[in-house]
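Chemist: Sequence:
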Amino acid sequence: MVVKRKNGKQSETLAVEFTGLAFVCVGVIIFLALISFSPKDPTFLNSITVSRIRSTNLMGNFGAQLSAILLQLFGYASYLFPVFFLITAMVLLQKKSFGPILLQLPFFLLETLVIAVLFAVVLSDFVLIASVAPLDYVSAGGIIGNNIKGWMLPALNTWGTLILLLFLLIAFFMLATRLGISVIIAAVAKAFLDAARSFSAVFKKIGRELRMVKKKKAVIRQMDSEKKHREKIRQKIKSKELPPISQPVPQDTDEKNNPLDIAIRTGLLPISGKPYNPPWRDIFANPDPDNSIDRHDLSRKSSLLVKKLEEFKVTGRVVNIHPGPIVTTYEFKMDPGIKYNKVLSLAQDLSIALSAESIRIDRTPKKPTIGIEVPNDNRRLIVLKEILETGTFLSAASPLTIVLGKTITGTPIVTSLDKMPHLLVAGQTGSGKSVGLNAILCSLLIRNTPEMVKLIMVDPKMVELGVYGHIPHLLTDVITDPKEAASALSWAVGEMERRYLLLKDIKVRSLAKYNAVVQAEFVDDEKHKPMPYIVIVIDEMADLIMTARAQVEESIARLAQKARAVGVHLIVATQRPSRDIITGVIKSNLTSRICYRVAQMIDSRIVLDQVGAEQLLGRGDMLFLPPGTSNLIRIHSPMVTEKEVNGLVSYLKSYGKPVYMNEIKSYGADDDDEGGFEIGDGDTLSSNDREYIQAVKLIVATGHASVSYLQRKMSIGYNKAARYIDMMEHDGIVGPPAQQGGKTREILVDIGFVQRLKELDS
0 MVVKRKNGKQ
10 SETLAVEFTG
20 LAFVCVGVII
30 FLALISFSPK
40 DPTFLNSITV
50 SRIRSTNLMG
60 NFGAQLSAIL
70 LQLFGYASYL
80 FPVFFLITAM
90 VLLQKKSFGP
100 ILLQLPFFLL
110 ETLVIAVLFA
120 VVLSDFVLIA
130 SVAPLDYVSA
140 GGIIGNNIKG
150 WMLPALNTWG
160 TLILLLFLLI
170 AFFMLATRLG
180 ISVIIAAVAK
190 AFLDAARSFS
200 AVFKKIGREL
210 RMVKKKKAVI
220 RQMDSEKKHR
230 EKIRQKIKSK
240 ELPPISQPVP
250 QDTDEKNNPL
260 DIAIRTGLLP
270 ISGKPYNPPW
280 RDIFANPDPD
290 NSIDRHDLSR
300 KSSLLVKKLE
310 EFKVTGRVVN
320 IHPGPIVTTY
330 EFKMDPGIKY
340 NKVLSLAQDL
350 SIALSAESIR
360 IDRTPKKPTI
370 GIEVPNDNRR
380 LIVLKEILET
390 GTFLSAASPL
400 TIVLGKTITG
410 TPIVTSLDKM
420 PHLLVAGQTG
430 SGKSVGLNAI
440 LCSLLIRNTP
450 EMVKLIMVDP
460 KMVELGVYGH
470 IPHLLTDVIT
480 DPKEAASALS
490 WAVGEMERRY
500 LLLKDIKVRS
510 LAKYNAVVQA
520 EFVDDEKHKP
530 MPYIVIVIDE
540 MADLIMTARA
550 QVEESIARLA
560 QKARAVGVHL
570 IVATQRPSRD
580 IITGVIKSNL
590 TSRICYRVAQ
600 MIDSRIVLDQ
610 VGAEQLLGRG
620 DMLFLPPGTS
630 NLIRIHSPMV
640 TEKEVNGLVS
650 YLKSYGKPVY
660 MNEIKSYGAD
670 DDDEGGFEIG
680 DGDTLSSNDR
690 EYIQAVKLIV
700 ATGHASVSYL
710 QRKMSIGYNK
720 AARYIDMMEH
730 DGIVGPPAQQ
740 GGKTREILVD
750 IGFVQRLKEL
760 DS
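Per numbering that gives the first Met the number 0, the sequence shown starts with residue 0, numbered consecutively.
It should be emphasised that the hints constitute simulated quantities derived from the structure, not laboratory data.
Some clues are possibly wrong.
Quick list of in silico lysine-lysine cross-link-like pairs, DSS-like style, CA-CA up to 30 Å [said to hold, decoys possible]:
#: 1; residue 1: K341; residue 2: K204
#: 2; residue 1: K512; residue 2: K418
#: 3; residue 1: K365; residue 2: K213
#: 4; residue 1: K306; residue 2: K204
#: 5; residue 1: K189; residue 2: K203
#: 6; residue 1: K696; residue 2: K664
#: 7; residue 1: K341; residue 2: K203
#: 8; residue 1: K719; residue 2: K561
#: 9; residue 1: K384; residue 2: K312
#: 10; residue 1: K528; residue 2: K506
#: 11; residue 1: K306; residue 2: K332
#: 12; residue 1: K203; residue 2: K338
#: 13; residue 1: K312; residue 2: K338
#: 14; residue 1: K696; residue 2: K719
#: 15; residue 1: K341; residue 2: K365
#: 16; residue 1: K204; residue 2: K189
Model the full structure from these sequences, guided by the hints.
Modeler: Structure below.
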């Protein structure tokens with residue numbers, strides 16, 4: 000019994016599906032026949048005169064006859080028949096049962112008749128078929144609609160007929176669909192609202208597109224005008240014979256900006272009379288011609304960005320596009336209610352959507368937009384020469400002007416080392432750090448004679464800075480031993496203190512003013528001579544920190560805090576941006592930082608105190624943190640080849656030989672061991688153990704004799720701090736630990752002891 004019921008149900012389902020497919024077929028045939036109807040086709044309407052003409056109907060002669068019959072009987076209402084068949088087929092195929100659909104069919108047919116009459120009433124003068132013969136015309140409601148109209152109009156007139164027809168239309172629709180009047184009204188209202196919203200959205204989108212096209216045209220015009228302006232400047236620079244680069248070119252003819260006056264005020268007059276003019280125009284390669292901007296590609300990526308963001312419920316629009324040599328920035332304005340952090344989290348998804356290596360998202364300074372930085376498919380190579388030729392570099396007055404590169408919009412970035420006044424450079428291997436360092440050094444060397452700027456180069460890896468060996472700007476040959484590097488930093492601290500005494504003698508506050516006064520008033524004075532700027536370049540700081548952490552950290556901290564006024568500056572680079580290398584002491588004193596691409600987000604935080612460097616492209620792509628601000632600037636470092644560096648070094652070697660100061664690398668190594676504090680096992684601590692003496696001064700001056708206090712203030716380990724406290728106890732400087740369990744010991748010496756220590760230290 001169960002099997003029979005199951006078989007019967009399956010048979011009914013197959014019958015329903017077959018009927019549904021048949022209705023689909025009939026609906027499609029009627030639809031194609033109606034839309035391809037032509038009055039000239041051979042039908043019963045014109046068979047007397049044109050019976051031999053071949054039918055043009057898509058369904059052939061059958062379709063021509065069928066469409067003619069339907070249109071003659073029902074007029075425009077005939078187009079409801081394919082809709083009726085297709086809707087019925089859809090219901091049958093979905094519900095798998097004849098069910099109530101058979102009861103609803105008559106009401107659909109009555110609905111068709113009512114609509115035919117409506118067409119006949121409303122469009123009574125509209126001719127549907129221009130018949131050939133024997134009929135003069137067929138009305139929009141067909142024969143049936145026209146006849147029913149003829150019965151109703153004499154009784155109810157036009158308005159009464161329309162009201163009755165509308166009532167019947169709604170009633171038959173309710174019976175056919177089994178929907179209440181409230182549901183129908185709500186559905187109609189919703190349809191109207193959706194249509195209104197759609198039209199409004201379309202018009203808004205058209206308006207946005209028109210505004211975008213207008214802005215794009217304005218940007219393109221501005222870019223073309225800037226390009227022409229840059230070309231004019233480039234031609235003007237090439238046509239003029241420029242003065243030597245060591246004397247800055249004046250921006251105007253004002254007396255205060257005269258090159259000689261600048262040189263006197265800043266102490267830049269060379270001591271030797273030999274002309275210094277490196278042929279950098281011949282040494283460095285010319286830039287490649289600007290690549291043409293593919294505006295279609297920019298527009299395509301802009302639309303793709305907006306579409307992808309909308310998939311993640313981030314709505315807004317691209318309001319501006321800034322093409323650059325390496326990346327293009329799309330300014331995206333978010334709609335109200337969208338959080339910036341939500342967009343930040345989509346960087347990887349946008350990279351996949353645009354097939355980009357990496358996408359960086361950042362706030363746009365002073366604008367209510369965010370910048371989405373997308374790498375260009377065709378990147379233009381930035382070379383050093385194109386920045387050296389800019390007016391920004393040529394007219395800079397500072398002798399310590401350095402080249403960093405170009406921004407993402409192509410603006411040259413030229414800054415001064417004396418404003419930084421020290422620079423920390425970090426980045427993983429292969430990120431372009433060494434090339435960027437070469438660009439900085441080359442821009443320093445082509446501007447300054449050996450009498451104006453002296454260099455101390457530290458290269459523990461022995462392969463990065465060795466090419467600069469034996470140039471006349473060096474105070475000592477390139478240092479590769481970490482211990483000698485620590486001695487050189489200690490020498491720099493001593494030189495800083497010596498210079499401060501000289502500045503104090505003539506009551507000035509900077510090296511530039513000191514040199515200007517000395518050249519003007521102390522020409523024959525043996526004590527006061529013009530002093531050069533000193534730039535200390537450390538290529539890999541990690542080796543120094545691991546070899547002599549305390550000495551290196553202390554020297555870097557003291558130089559960073561005080562050396563700016565006397566013209567001593569640091570450029571410290573490392574490829575290991577970890578906390579044990581870039582310590583808190585170093586970070587707090589080196590506020591100007593450059594970070595090339597790093598491997599992890601934490602590395603970026605260590606260097607810049609914020610993320611972003613892990614999303615860079617490498618090959619010279621960097622983030623620059625200027626002094627006094629937390630806003631990062633993305634810069635592309637210029638390319639400097641080994642051949643170009645060798646060419647500049649060859650000229651420098653031909654200009655003169657270096658005069659080395661041998662005491663720099665051995666500074667502090669030959670101090671005698673006389674006078675010390677005896678300790679319990681008979682050993683003697685040398686009075687030149689400066690760290691221990693510093694610890695004693697700190698304890699006596701502050702009155703806090705505890706291991707933890709010494710650790711915090713001197714940044715040393717627990718073992719060393721505990722050893723120093725034990726040594727002070729044995730030497731009678733502090734007492735034993737307090738019996739009550741307190742950590743502070745009693746101080747047994749007075750402040751006069753500290754003064755004697757200072758004399759001993761000096």
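Chemist: Compare the structure with each hint and give your call.
Modeler: Each hint, compared with the structure:
Under the criterion of a C-alpha separation no larger than 30 Å, the hint pairing K341 with K204 is consistent with the structure, at around 24 Å. Pair hint K512 plus K418 holds up; C-alpha atoms about 16 Å apart against a cutoff of 30 Å. Pair hint K365 plus K213 holds up; C-alpha atoms about 23 Å apart against a cutoff of 30 Å. Using a Cα cut-off of 30 Å, the hinted pair K306 and K204 holds, with the two alpha carbons roughly 13 Å apart.
At most 30 Å may separate the alpha-carbon atoms for a hinted pair to count; K189 and K203 meet this at roughly 21 Å. Under the criterion of a C-alpha separation no larger than 30 Å, the hint pairing K696 with K664 is consistent with the structure, at around 28 Å. For the hint linking K341 to K203, the alpha-carbon distance of about 25 Å falls within 30 Å, and the restraint holds. Restraint check for K719 and K561: satisfied, since their Cα atoms lie roughly 27 Å apart, inside the 30 Å limit.
About 46 Å separates the Cα atoms of K384 and K312, which puts this hinted pair outside 30 Å; it is violated. Distance check on the hinted pair: K528 and K506 sit about 15 Å apart at the alpha-carbon level, within 30 Å; holds. With a C-alpha separation of about 14 Å, the suggested pair K306 and K332 falls inside the 30 Å cut-off, and the hint holds. For the hint pairing K203 with K338, the CA-to-CA distance comes to about 23 Å; that is within 30 Å, so the pair holds.
Taking the CA atoms of K312 and K338, the gap is near 11 Å; set against the 30 Å cutoff, the hint holds. Of the pairs offered as hints, the one joining K696 and K719 holds, with about 16 Å between alpha carbons and a cut-off of 30 Å not exceeded. The suggested pairing of K341 with K365 holds, with an alpha-carbon distance near 20 Å, which does not exceed 30 Å. Note on K204 and K189: the hinted pairing holds, with a Cα-Cα distance of about 22 Å set against a maximum of 30 Å.
Figure legend: structure checked against the earlier numbered hints; the only hint not met is number 9.
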